[in-house]
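Each chain, written out:
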Amino acid sequence: MSSSMSSNMGSRPTLNVAHLPSHGFDTRAPIWWGNLLLLMIETTMFGILVATYFYLSQNFNLWPPPRSEYPVGYNTNPMLLIPTINLVLLILSCAPMYWVDRSARRARKRATQTGLLICLVLGLASIVLRWFEFPAMRFKWYENAYGSSVWFLLGMHYLHLLTLTAEVVFLTIWVFFRPFDEKHRVDITVLAVYWYWVAAIWIPLYAILFFGPRII
Amino acid sequence: MAETEGTMQEKIDRSAVDNDASAVALMEERERAELERTWASPKGFFGWFTNTNHKDIAMRYIVTAFVFFLLAGIEAVLMRIQLARPENRFLGPDLYNQIFTMHGTTMMFLFAVPMMEGIGLYLVPLMIGTRNVAFPRMNAFGYYVYLIGGLLIYTAFLLNVGPDAGWFSYVPLSGPAYSPGKRVDIWGQMITFTEIAALVGAVEIITTVFKQRVPGMSLNRIPLFVWAQVVTAFMVIFAMPSVMLASQMLPADRLINTHFFNPAEGGDALLYQHLFWFFGHPEVYIIFIPALGFVSSIIVTFARRQIFGYTALVLSLIATGFIGFGLWVHHMFATPLPQLGQSFFTGASMMIAIPSGVQIFCWIATLWGGKLSLKTPLLFVLGFVAVFVLGGLTGVMVASVPLDLQVHDTYFVVAHLHYVLIGGAVFPLFGAFYYWFPKWTGRLLSERAGRWNFWLLFIGFNLTFFPMHQLGLKGMTRRIYTYLPETGWGNLNLAASIGAAIIGVSVIIFLINVAWARRRGLVAGDNPWRADTLEWGTASPPPSYNFADPPIVAGRYALWTMTAETPVLKGLSTKRREVLVTRVMDAEPDHLYELPGPSIWPFLLALATGETFIVGIFTPWGFPIGAVLSLLALFGWFWSKPKSEGGTAADSRQEQSLLSLGEAQGLPLKKGA
Chain S
1 MSSSMSSNMG SRPTLNVAHL PSHGFDTRAP IWWGNLLLLM IETTMFGILV
51 ATYFYLSQNF NLWPPPRSEY PVGYNTNPML LIPTINLVLL ILSCAPMYWV
101 DRSARRARKR ATQTGLLICL VLGLASIVLR WFEFPAMRFK WYENAYGSSV
151 WFLLGMHYLH LLTLTAEVVF LTIWVFFRPF DEKHRVDITV LAVYWYWVAA
201 IWIPLYAILF FGPRII
Chain H
1 MAETEGTMQE KIDRSAVDND ASAVALMEER ERAELERTWA SPKGFFGWFT
51 NTNHKDIAMR YIVTAFVFFL LAGIEAVLMR IQLARPENRF LGPDLYNQIF
101 TMHGTTMMFL FAVPMMEGIG LYLVPLMIGT RNVAFPRMNA FGYYVYLIGG
151 LLIYTAFLLN VGPDAGWFSY VPLSGPAYSP GKRVDIWGQM ITFTEIAALV
201 GAVEIITTVF KQRVPGMSLN RIPLFVWAQV VTAFMVIFAM PSVMLASQML
251 PADRLINTHF FNPAEGGDAL LYQHLFWFFG HPEVYIIFIP ALGFVSSIIV
301 TFARRQIFGY TALVLSLIAT GFIGFGLWVH HMFATPLPQL GQSFFTGASM
351 MIAIPSGVQI FCWIATLWGG KLSLKTPLLF VLGFVAVFVL GGLTGVMVAS
401 VPLDLQVHDT YFVVAHLHYV LIGGAVFPLF GAFYYWFPKW TGRLLSERAG
451 RWNFWLLFIG FNLTFFPMHQ LGLKGMTRRI YTYLPETGWG NLNLAASIGA
501 AIIGVSVIIF LINVAWARRR GLVAGDNPWR ADTLEWGTAS PPPSYNFADP
551 PIVAGRYALW TMTAETPVLK GLSTKRREVL VTRVMDAEPD HLYELPGPSI
601 WPFLLALATG ETFIVGIFTP WGFPIGAVLS LLALFGWFWS KPKSEGGTAA
651 DSRQEQSLLS LGEAQGLPLK KGA
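Those protein sequence lines, which keep their order, are chains S and H.
Numbering follows the numbering used here, with no gaps: position 28 of the first sequence is 28.
Numbering follows the numbering used here, with no gaps: position 565 of the second sequence is 565.
So here's chain S without its partners, still in its complex pose:
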């Protein structure tokens, strides 16, 4: 059976794909889809965390709750300065990342290297700033449910900042010391998608965590 199949196959018409390129950008690349699905998972997760935040707020008359110790009248709204600086920084950082994205597509090695270094510095700056955003919340995670939920939200986004920056570190090392090959150029454009997402998801989260309490 199988031998007759194979002798038949020789005379069968063929679809030869040998001349096709070895990479494609954007929706053509499997890794782009893999990344998209990861971002869907993570967006769902943030959605559920935001739902948790509002669900818990139903148990409080004031949100964020007032202090239980003296002075109780003390303002418990989260501080705005550092988180706002970080928000602006994250949004602005999309510009050099966009440049990196463009340069990687056009195989401009020098520009990609420079852009990645800038993004690396901005990523590290954002990580440092985030460290001071935790105390900008006036409750610790163990003080009440409000504290728990905001620390969890900040922490999950922090984790993404760390992963993102680690990825930038890796690709920066690669473009300096390894060939500027097509595979890694595709990877850089996918990194850019991740970067935009980390910045974009922070806009509603910032609005909810830091601005929301002032409006309601």
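Derived from the structure by calculation, the hints contain no laboratory data.
Don't take every hint at face value.
Stated by the list, open to error - Pair ranges (Cβ atoms, derived):
(1) H/G47 / S/I127: 15 to 25 Å
(2) S/I173 / H/D94: 52 to 62 Å
(3) S/L62 / H/A627: 49 to 59 Å
As the list claims (entries may be wrong) - Below, computed lysine-lysine pairings styled on BS3-like, alpha-carbon distance capped at 27 Å:
(4) S/K109 / S/K183
(5) S/K140 / H/K182
(6) H/K575 / S/K183
Unchecked claim - In silico negatives: residues of chain S with every beta carbon more than 12 Å from chain H:
(7) P21
(8) P71
(9) Y98
(10) R110
(11) L120
(12) R138
(13) Y142
(14) I173
(15) G212
(16) R214
Where a beta carbon is used, it is the ideal one built from N, C-alpha and C, also for glycine.
Starting from the known structure of chain S, fit chain H onto it as the hints suggest.
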């Protein structure tokens, strides 16, 4: 004389063909040997930890999940022994709590989901005509993480630290106040491990199906099995994050004093139920929808005709996927909910019967008038229809609030969920085993033993679970470790226990059948059932590279529509692990992509992940240490080159000229689009 002349002439003709054919055959043989070398899985003890072949990884999932199925089955039998008569002293209350928790947890998290995904990871690449999944190393990582989760919880169980708060571990029972010790923490981290594995599998399946289908297999020609796997994968993506968060918040409440579920500090016990069931209800469909894929495959093959209502079936799968997310609150009817919420979720719960009904009708219509070949796989499918319809009926009953309040937390619910899950998933699963076993091993399972297997399972199942409806209505609550003789529950419980023993015998017959068929079963050949999907178009078991020349697909029933004129795909490298990437909608060829070969890094990353969550149970330092270890493993992962035979551009050009020798006709390629 005239006859001899005729044969002489034929001989001459044939030898001319033979010369041509032998040249082609020689070249093809060389090509196959090269493919075999390029795609071969690493051997030996260390090879086991570096393998990235989707079939090997998937078979590990299937075997591991089946071992967990047997363990959970043993736990079920222990419970049935304990409940066989009133005031039995076989198991104490504490051990009983651990055992029912382990039974539910194992069946849901360590058996059902990994089993369904494992079968998908094995068959999906074959059914769509590609050589491996899109991210082979990540696939291996998913398996190791799952294995670590399973080993963790069973090690704990053997050390008497098994979880004991039920498979959904409701707070406050599972909270720090009522469950001191590490039992619930271990449960929580096991959940995290298995959910990571499930998410990884989902990403694999969607990307592979979207990007690696063989040319010609447009979205409207994908086999229903593959559709079922894709819908399931999307449900995993939207459902699993919820339980991962719950399984992190719960240990956080217990270990670092957060207050998510602590009402004293503004937390909320019901929040846990919402988070759990937002995952938990879709979970039922995550288990059940792949089984619908098995059913569709088996019905098409054994009714020997095209499926009735392909589009209706696909739309029903997708509708089930959506509606499945609108039902979770019906698990919480006994909690204070707004009236509107109750009505909404009752409506949604009843609505899901519509797509389920459409599917059942489509299958019946396909079977109706088909030339049924009543082999064991089809027998299991018919069993599925009968049992699942009963489970569906009690489902519609418990969807209504007043009835739900009456039977909540009784054996009525236990009966319902077993009718749905065993009927909806385990019956089709056994059908799938009988159906695909010849593809996996090259040998057929015994039909005679298969019939015993089926009928004992069917009778044993109904004897075990049907009386539970009545027990529930009589007021027997679930999770009690014993009862008094005066309750009058003794006889029905005894019947259920006898049924459990019959199920046990049925499963033992299956195990013997497998062991026997591995050595002595009938040799299956490529396509013993004359089925239509592509996995049957290659050897049994399939070679490491799946297809030497994947056929181009010309219709919904790839093999049934294949003729001698159907073109085959040529031009993939034989020296590198190359796959063809195609466009999402119509699968036009787009580019060739080299997949990574064997690698140790997925295993090391899984160990780092394991360290993070397991040490994290005992000290928060587990997390930063785990983060550093994971980072190192990821760097190693991305830095290491994909390890194949090291082909270069020159190689591929040489190959190309070799290939053009064998080409009789080249087909114009659709470019771009």
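Output the numbers, in ascending order, of every earlier hint that fails for this structure. 1, 3, 7, 13, 14
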